[in-house]
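Q: Residue numbers (this note's numbering), protein chains in the order written: chain U, 134 to 465; chain D, 479 to 773; chain Y, 172 to 618.
Quick caveat, the hints were computed from the structure, so don't treat them as lab data.
On a predicted model such as this, the values are computed, not experimentally measured, just so you know.
Hints may contain errors.
[To be verified] List time: in silico DSBU-like cross-link candidates among lysine-lysine, alpha-carbon distance up to 30 Å:
{"#": "1", "chain 1": "U", "residue 1": "Lys332", "chain 2": "D", "residue 2": "Lys560"}
{"#": "2", "chain 1": "Y", "residue 1": "Lys451", "chain 2": "Y", "residue 2": "Lys477"}
{"#": "3", "chain 1": "U", "residue 1": "Lys157", "chain 2": "Y", "residue 2": "Lys295"}
{"#": "4", "chain 1": "Y", "residue 1": "Lys295", "chain 2": "Y", "residue 2": "Lys538"}
{"#": "5", "chain 1": "Y", "residue 1": "Lys338", "chain 2": "Y", "residue 2": "Lys372"}
{"#": "6", "chain 1": "Y", "residue 1": "Lys372", "chain 2": "Y", "residue 2": "Lys598"}
{"#": "7", "chain 1": "Y", "residue 1": "Lys295", "chain 2": "Y", "residue 2": "Lys338"}
{"#": "8", "chain 1": "Y", "residue 1": "Lys572", "chain 2": "Y", "residue 2": "Lys598"}
{"#": "9", "chain 1": "U", "residue 1": "Lys340", "chain 2": "D", "residue 2": "Lys560"}
Next come the chains, spelled out residue by residue.
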Amino acid sequence: MNRSRDVTALAIFGVFLVAVPFIKSDYLFNAILIPFIAVSLAALGLNILAGYAGQVSLGSAAFMAIGAFSTYDLLLYVPHLPFLVALPGAGLITAVAGLVFGLPGLRLRGFYLAISTLAAQFFVQWVFTTFPWFQGGDTSGVITAPPIFIDGFQVSTPVERYLLALAVAAILTVFAIALVRSRVGQSFLAVRDNELAAKVLGINVLKIKLIACAISGFYIGIAGALWAYLYVRTIEPAGYDLDHSFQILFVIILGGLASIRGAFLGAAFLVVLPLLLSRGGAALLGPNFDSGYVDLAEKIILGALIILFLRLEPQGLSALLARFSLNRKATT
Amino acid sequence: MDWSFLIGVVISGLLAGVMYSLVAIGFVLIYKTSGVLNFAQGSMLLFAALTFVSLHEEGLPFWIAFVLTLAIMVLLGVLIEKIVLRPLINQPPITLFMATLGLSYIIEGGAQFVWGTQVHQLDLGIADVPLPLNSILISQFDIFCAGVAGAIVAVLGVVLQYTRVGLAFRAAAFDQYAALNTGLRLPRIWAITWGVAGFIALVGGLLWGARTGVQFSLSLVVLKSLPVLVVGGFDSIIGAIVGGLLVGLTETLMEVYVGPFIGGGIDQWIAYALALAFLLIKPTGLFGQRSVERV
Amino acid sequence: MKLRGTLASLLLATAIGGLPLTSHAQTPTHQQYFPLQSYRVGPYAAGGTGFFGGFIDYMNLINTRDGGVNGVKLTWSECETQYVVEKGVECYQRLKSHVPPPSAWNPLSVGIAYAMIPDITADKVPLITIDHGRTDSTDGAVFPYVFPLLMNPYSETSAIINFIGSKSGGDEKLGSKSIVVLYHGSPYGRETIPIYQLLAKKYGFKLQQIEVPDPGTQQQSQWLQIRRIRPDYVVLRGWGVMNPVALKSAQEVGFPADHIIGNVWSNSEEDARPAGNAAKGYIALTTQATGTRYPVIQQIQNIIYKAHQGNMSDPARVGSVYYNLGVVNGILNVEAVRIAQAKFGNHSLTGDQVRWGFEHLDLSVAKVQALGAAGLFHSIDVTCNDHEGHGYITFQQWNGKEWNRISDWIAPDWAILRPIIEASANKYAAQNHITPRVCSTEEAAAN
Numbered sequence: 134m135n136r137s138r139d140v141t142a143l144a145i146f147g148v149f150l151v152a153v154p155f156i157k158s159d160y161l162f163n164a165i166l167i168p169f170i171a172v173s174l175a176a177l178g179l180n181i182l183a184g185y186a187g188q189v190s191l192g193s194a195a196f197m198a199i200g201a202f203s204t205y206d207l208l209l210y211v212p213h214l215p216f217l218v219a220l221p222g223a224g225l226i227t228a229v230a231g232l233v234f235g236l237p238g239l240r241l242r243g244f245y246l247a248i249s250t251l252a253a254q255f256f257v258q259w260v261f262t263t264f265p266w267f268q269g270g271d272t273s274g275v276i277t278a279p280p281i282f283i284d285g286f287q288v289s290t291p292v293e294r295y296l297l298a299l300a301v302a303a304i305l306t307v308f309a310i311a312l313v314r315s316r317v318g319q320s321f322l323a324v325r326d327n328e329l330a331a332k333v334l335g336i337n338v339l340k341i342k343l344i345a346c347a348i349s350g351f352y353i354g355i356a357g358a359l360w361a362y363l364y365v366r367t368i369e370p371a372g373y374d375l376d377h378s379f380q381i382l383f384v385i386i387l388g389g390l391a392s393i394r395g396a397f398l399g400a401a402f403l404v405v406l407p408l409l410l411s412r413g414g415a416a417l418l419g420p421n422f423d424s425g426y427v428d429l430a431e432k433i434i435l436g437a438l439i440i441l442f443l444r445l446e447p448q449g450l451s452a453l454l455a456r457f458s459l460n461r462k463a464t465t
Numbered sequence: 479m480d481w482s483f484l485i486g487v488v489i490s491g492l493l494a495g496v497m498y499s500l501v502a503i504g505f506v507l508i509y510k511t512s513g514v515l516n517f518a519q520g521s522m523l524l525f526a527a528l529t530f531v532s533l534h535e536e537g538l539p540f541w542i543a544f545v546l547t548l549a550i551m552v553l554l555g556v557l558i559e560k561i562v563l564r565p566l567i568n569q570p571p572i573t574l575f576m577a578t579l580g581l582s583y584i585i586e587g588g589a590q591f592v593w594g595t596q597v598h599q600l601d602l603g604i605a606d607v608p609l610p611l612n613s614i615l616i617s618q619f620d621i622f623c624a625g626v627a628g629a630i631v632a633v634l635g636v637v638l639q640y641t642r643v644g645l646a647f648r649a650a651a652f653d654q655y656a657a658l659n660t661g662l663r664l665p666r667i668w669a670i671t672w673g674v675a676g677f678i679a680l681v682g683g684l685l686w687g688a689r690t691g692v693q694f695s696l697s698l699v700v701l702k703s704l705p706v707l708v709v710g711g712f713d714s715i716i717g718a719i720v721g722g723l724l725v726g727l728t729e730t731l732m733e734v735y736v737g738p739f740i741g742g743g744i745d746q747w748i749a750y751a752l753a754l755a756f757l758l759i760k761p762t763g764l765f766g767q768r769s770v771e772r773v
Numbered sequence: 172m173k174l175r176g177t178l179a180s181l182l183l184a185t186a187i188g189g190l191p192l193t194s195h196a197q198t199p200t201h202q203q204y205f206p207l208q209s210y211r212v213g214p215y216a217a218g219g220t221g222f223f224g225g226f227i228d229y230m231n232l233i234n235t236r237d238g239g240v241n242g243v244k245l246t247w248s249e250c251e252t253q254y255v256v257e258k259g260v261e262c263y264q265r266l267k268s269h270v271p272p273p274s275a276w277n278p279l280s281v282g283i284a285y286a287m288i289p290d291i292t293a294d295k296v297p298l299i300t301i302d303h304g305r306t307d308s309t310d311g312a313v314f315p316y317v318f319p320l321l322m323n324p325y326s327e328t329s330a331i332i333n334f335i336g337s338k339s340g341g342d343e344k345l346g347s348k349s350i351v352v353l354y355h356g357s358p359y360g361r362e363t364i365p366i367y368q369l370l371a372k373k374y375g376f377k378l379q380q381i382e383v384p385d386p387g388t389q390q391q392s393q394w395l396q397i398r399r400i401r402p403d404y405v406v407l408r409g410w411g412v413m414n415p416v417a418l419k420s421a422q423e424v425g426f427p428a429d430h431i432i433g434n435v436w437s438n439s440e441e442d443a444r445p446a447g448n449a450a451k452g453y454i455a456l457t458t459q460a461t462g463t464r465y466p467v468i469q470q471i472q473n474i475i476y477k478a479h480q481g482n483m484s485d486p487a488r489v490g491s492v493y494y495n496l497g498v499v500n501g502i503l504n505v506e507a508v509r510i511a512q513a514k515f516g517n518h519s520l521t522g523d524q525v526r527w528g529f530e531h532l533d534l535s536v537a538k539v540q541a542l543g544a545a546g547l548f549h550s551i552d553v554t555c556n557d558h559e560g561h562g563y564i565t566f567q568q569w570n571g572k573e574w575n576r577i578s579d580w581i582a583p584d585w586a587i588l589r590p591i592i593e594a595s596a597n598k599y600a601a602q603n604h605i606t607p608r609v610c611s612t613e614e615a616a617a618n
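So here's chain U without its partners, still in its complex pose (with noise of 0.2 Å):
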């Protein structure tokens, strides 16, 4: 099972990695596969999160401002850096910004800790509005992302920011996919089905905790970066608010908890629903056709397609993928 979903997973990334690039249209890479990546990534952190290790948070967006200041003042203040250096540096001090905030993780479970990283969520807006000092001393408050070089070479295309993400996708996705499949991946699991029991079972709990709190950061600082230089190569703090981190909350539903894939199905879902929307809203609408209608039926079909899921399909596209995967299989 493991072995034919992996050899599934390796075709698609050829695909994306091979055939995609020959496709002409900078709309599909900067208006869709980019952000679909940077999207996917971070759910990808909050999966680890969230999803393995049980604890919801509502504060990824700040998480992901954490990860683009970080790599813009890394480049900033430490002269000649590279830029492949100072993505995984500010990845890192992501980690350690959710290992602070993933302290009261350690004592509160459910929605308390929820809220709890809400705190995280305004005061990390606010440090990043407040003290100029992170944005370079710019007075214009808004920071243009600068041009990345790597070894010399300026990625600037959209195809070749698609491929700079991409592949930091591939390198944490395969990380990802080994984590969850090791003894810490499976502690994960275990603190969040039940702490008392993995407690017996000799599972540091605060251990494990932290380390999914740190990993998570890892992953949705590094998500953040993309999303800033590769994206919209802009960095302001209003640009991850709290409807950016209930965003990546809902790609997980919807893409299924504790799931690899699902938080790829549910970037996919999520950066497509919008566009597939305001395209049959014209189609079917016609004459009367106002985009503002369409976004609020956005919002509304979003809401109700969680409840829905929260209620027949917990485990999400993912699950719904298996299924059909499966009966596919048993009538052939």
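Take the given structure of chain U and dock chains D and Y to it, following the hints.
A: Just chains D and Y now, kept in the frame of chain U:
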């Protein structure tokens, strides 16, 4: 030390807190009976205020618009309970919480879909002007809000203590399974609770709307009342009031006396910092009873 | 309305699907296309519906009244951004390869505008940020494709201080004044902090800047501080719901509304009206007058709205602050196209050609009058060096129902701001490996 200024700060902090309490009470009611932390309370508040103001602008007199909106809110509450939450019964609290997150998206989108996105003025006929009390300024409007909050708490207290519905409510809050065993119809209690929460959302929406104008950002007041709940306890109406006062007071004092030294604008997160401190030291909140999910 | 909708959906379908639907449209050589990143829902919908409504109505007027710009019809399509950056970026990617090509982008959003700067520069299409945007993009040498027309945040700051000076009986009287700036807790709100400090040093007034955290639904503590400071004026650098709450809170602590001066995002009907009586007397800055008495607005009412072709769902909002800003924005875009046509010919122009038009956009007071906009806005003169175009600013007072102009057209102190702008622009150029143009040689070559 400027004492009259300090007194002014304290009073205005407490009154700001009352506004948070008004929202928090709605949370407490639902949490008490069904164990759901209803994140959609904020969007219900927006929906209520928007519905009322739109009906009022259509030419309906104040009270008719009020009653009509109330009816809509009760209906909405009952529907939410039936369609969204009852099927999720027995799920862990965090799942229910996430469901209400989805719910808030539906209500926010729906409210704007139906009533549009314009900013409305809402005038309740109570001027937001200071009462002349020496050098300390207290707004008439704030006093009115405090009165309303007090009245709501008093009425709820009386109803809970002295009526059959109240008894059933308390039984449900005390132990759902036991209540079920004694033949209590829990769904009816829940429906009533959601209806009352709808009423509180309407009152809160009107008071907040009169201050800020009726607009989209009304739904954001939910973020101000979450720390109130943590501080006061999720299942205590008195806690919601005291928590609100404490949060309002802390915010205002910190913003005035500490904020200027660390860049200002801290009252967005200072409430959460307070809540966090409470969670770590006294996880049930000041008045909470139910054992908190903690290690 | 119907026509607009059909067109919009057609264009949108074309753009998203890349379907060859062009056979349905007119020959593209006689069209000039404007992509609109509008926001009609969400927290800032009031601004979006007004601005884009005014913009669309003006383009509609040009098409209906004049048959387009020298026979070239104006076309447009919308996508909803909700003021969210990535939605704006997606929209840009979706519509940028439209046929005929986009003439200019007008997002009316600082965040979206910033995110577009690298792309529009690479794609050679102008980005218009009327009344807002990145201040240092005023320096056209570093930002050839960005135009913060009429006013940037620094000019706004300077104009407000000049206005307070004139109310106090001359700039030299400013030294005895005390001013509090109440700003929104965001990069936008904080942007002018150093400029107020600079002007305070120059004129010697006492200055305190106080932050209101987003969204600003509670401001008691800030206004208590203001009450203790007892300033002569409070400058309100607000945003959305923060504005009416500020006015209400001012009333609560007894601070007079006619000593509160709002900036460009605190100056609309939607900012004042929800505060009810508390807003009476409130003063705000603007680059365009309100009302419907200007010939161009009346023509829109008579030609477009009489035929039920208007874009505003509530026609009473024609003449409001955001609406009139949209109309002025329409005038500036259309005139830039006209000026570019004079050089490149009366046919569908590329974004780069329209950019040339913006860079030579010179509308004198007399020209503005000829366009039927005398009194609606003052004048503009954009050059290679100055992409703001020396816009003038006026002040208006809220009487409880509507705005009334209470000042002449005031010029900001451009000279004092210029060095800061250039320093910031050069820093940006260095960081982003841009070699600035040399405007003097370019202009010499053109002559």
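Q: So, for every hint listed, does it hold in this structure?
A: Do the hints match the structure? See the list:
no.	hint	result
1	Lys332/U / Lys560/D	violated, 39 Å
2	Lys451/Y / Lys477/Y	violated, 33 Å
3	Lys157/U / Lys295/Y	holds, 20 Å
4	Lys295/Y / Lys538/Y	holds, 28 Å
5	Lys338/Y / Lys372/Y	holds, 19 Å
6	Lys372/Y / Lys598/Y	holds, 24 Å
7	Lys295/Y / Lys338/Y	violated, 44 Å
8	Lys572/Y / Lys598/Y	violated, 45 Å
9	Lys340/U / Lys560/D	violated, 41 Å
Checked against the numbered hints given earlier, this structure breaks hints 1, 2, 7, 8 and 9; the rest are met.
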